[in-house]
Structure formats: structure tokens, C-alpha cells
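Going down the list, the sequences are from chains A and B. Position 56 of the first sequence, counted from 1, bears residue number 56 in the working numbering, the numbering being contiguous throughout. Converting from the second sequence to the working numbering requires adding 100 to each position, the first position being numbered 1.
There may be inaccurate statements among the hints.
Unchecked claim - Here are the simulated SDA-like cross-link-like pairs (lysine to any residue), alpha carbons at most 20 Å apart as the crow flies:
| id | chain 1 | residue 1 | chain 2 | residue 2 |
| --- | --- | --- | --- | --- |
| 1 | B | 174 | A | 36 |
| 2 | B | 179 | A | 1 |
| 3 | B | 136 | A | 49 |
| 4 | A | 50 | B | 182 |
| 5 | B | 122 | A | 25 |
| 6 | B | 179 | A | 17 |
| 7 | B | 156 | A | 73 |
| 8 | B | 178 | A | 77 |
| 9 | A | 79 | B | 178 |
| 10 | B | 136 | A | 30 |
| 11 | A | 56 | B | 132 |
| 12 | B | 179 | A | 53 |
| 13 | B | 178 | A | 16 |
| 14 | A | 79 | B | 177 |
| 15 | A | 74 | B | 122 |
| 16 | B | 136 | B | 175 |
| 17 | B | 178 | A | 2 |
| 18 | B | 178 | A | 30 |
| 19 | A | 78 | B | 184 |
| 20 | B | 147 | A | 80 |
| 21 | A | 78 | B | 119 |
| 22 | A | 36 | B | 147 |
| 23 | B | 174 | A | 76 |
| 24 | A | 79 | B | 174 |
| 25 | B | 147 | B | 163 |
| 26 | A | 47 | A | 62 |
Claimed, not checked - According to the in silico footprint, chain A covers these stretches of chain B (three or more CB under 8 Å from chain A):
| id | segment |
| --- | --- |
| 27 | 119-133 |
| 28 | 153-166 |
Worth flagging that the hints you see were computed from the coordinates, not collected in a lab. Glycine included, C-beta positions come from ideal geometry on N, C-alpha and C.
There are 2 protein chains.
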Amino acid sequence: MYIILVYDICTIEKEGQNRLNKVMKLCRQYLHHTQKSVFEGELSEAKFIKLQNSIKNIIDFNNDYVIFYRIDNKNNVKKYNLGISFDPTTNIF
Amino acid sequence: MYIILVYDICTIEKEGQNRLNKVMKLCRQYLHHTQKSVFEGELSEAKFIKLQNSIKNIIDFNNDYVIFYRIDNKNNVKKYNLGISFDPTTNIF
Numbered sequence: 001m002y003i004i005l006v007y008d009i010c011t012i013e014k015e016g017q018n019r020l021n022k023v024m025k026l027c028r029q030y031l032h033h034t035q036k037s038v039f040e041g042e043l044s045e046a047k048f049i050k051l052q053n054s055i056k057n058i059i060d061f062n063n064d065y066v067i068f069y070r071i072d073n074k075n076n077v078k079k080y081n082l083g084i085s086f087d088p089t090t091n092i093f
Numbered sequence: 101m102y103i104i105l106v107y108d109i110c111t112i113e114k115e116g117q118n119r120l121n122k123v124m125k126l127c128r129q130y131l132h133h134t135q136k137s138v139f140e141g142e143l144s145e146a147k148f149i150k151l152q153n154s155i156k157n158i159i160d161f162n163n164d165y166v167i168f169y170r171i172d173n174k175n176n177v178k179k180y181n182l183g184i185s186f187d188p189t190t191n192i193f
């Protein structure tokens, strides 16, 4: 299955920056960092569940969100990007 | 077709907040505001093209991005939300 992950981690407090770094580090182990707060890629069912559970242990459920869009066949989604494309090696957010 | 729109408008400068407000106002005319920087909904081909062209006239191509994921059949995408859900009536970003 193809996964599109979009997140918004509240970094108003310092602890939020730690959560953001942890979520980014974790997501990079599973998916491609395609835009500032967007990851994409193919995942097995088992890895999808594992990623969700790992993220649940990091985020603040009162201030952060992570959305997963699951598309079983990658050919069923087309992507259009306007504006800056993203170089994952630049980690300045 | 079903559209998922994800954006990130750079608001470091004051002008960026104007662009953000314009993009949000525009997107609300076409799609549902489902998360802080995410809109979703059904669009015709004509409206999809019109929305893209309108956004092109607003964003700063060097600092902002808007991604459209186009899924022709809404049944081909499942959504999982972790963390805060979103009340579009609260416009505080």
C-alpha cells in the first residue's frame, strides 16, 4: 500500500521540538520525506501498524496531529506540487 | 475526483500571513478544511484547474508550497488521524 503522511507537531514549547525531531527521525525509517511536513512511500500492513504505534508513543494528542492517507494501489493517486520542492538534507524548520 | 491539498505558506514575513489568509479563504470555496494545513473534497476537472491557477497567483514560489493529491475514486483512499482533530471555525494559526 501507498502511504501519504502529513503531520503538524506543535513546537510552541521546547518539548514540542523534541517530539518533532523524534517523529521526523522515525518517519524517515519508513517513508520518503517529500515535503516539509509530508512523508510518502510504500509500506506493508505490518510496518504501517508498527509506524502508527510508534508515533502514538511520541505525539501529544492534545496539540499535535498525524494523518495517514492509505491508497492500496499507487497508480490511483497523482501528485501535483506548486512552489518549493523539498530537499530532505536541509533540516531547518 | 477526490483531492487532498496540503500546504505550507512561509509566514516569517508579514506578507506571508496575507498569502496564508488568501490561500485559506480560496481553498474554503472549493474544499473542506480538515486539518490545520490540509483541505479535502470532491472537485470537477474544471474546478481543480481553476483552483490551481488561482493558487499560482497567490503563493511565493520560492518560499511556499501547495501539494495536490488527486485520487479519481474516493473509495481508493482511507484516512487515519492521530492526535487533535480540527475545528475549522477556530482560525487561530
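20 Å Cα cutoff - pair residue 178 (chain B), residue 2 (chain A): holds (11 Å)
Restraint check for residue 78 (chain A) with residue 119 (chain B), where alpha carbons must lie at most 20 Å apart: violated (26 Å)
Hinted pair residue 79 (chain A) and residue 177 (chain B), Cα distance within 20 Å: holds (14 Å)
Hint consistency between residue 178 (chain B) and residue 30 (chain A) [alpha-carbon to alpha-carbon, up to 20 Å]: holds (19 Å)
Residue 56 (chain A) paired with residue 132 (chain B) [C-alpha distance capped at 20 Å]: violated (26 Å)
Hint consistency between residue 156 (chain B) and residue 73 (chain A) [alpha-carbon to alpha-carbon, up to 20 Å]: violated (29 Å)
Pairwise hint evaluation, residue 77 (chain A) against residue 178 (chain B), where the allowed Cα distance is 20 Å at most: holds (12 Å)
Pair hint residue 79 (chain A) and residue 178 (chain B), alpha-carbon separation not exceeding 20 Å: Distance of about 17 Å is within 20 Å: holds.
Satisfaction of hint between residue 36 (chain A) and residue 174 (chain B), Cα-Cα up to 20 Å: violated (25 Å)
Pair hint outcome, residue 136 (chain B) versus residue 175 (chain B) [Cα-Cα no greater than 20 Å]: violated (24 Å)
Pair hint residue 36 (chain A) and residue 147 (chain B), alpha-carbon separation not exceeding 20 Å: Not satisfied, since the Cα-Cα distance of roughly 27 Å exceeds 20 Å.
Given pair status - residue 163 (chain B), residue 147 (chain B), alpha carbons within 20 Å: violated (25 Å)
In summary, the structure is inconsistent with hints 1, 3, 5, 6, 7, 10, 11, 13, 15, 16, 19, 21, 22, 25, 26, 27 from the numbered list given earlier, while agreeing with the others.
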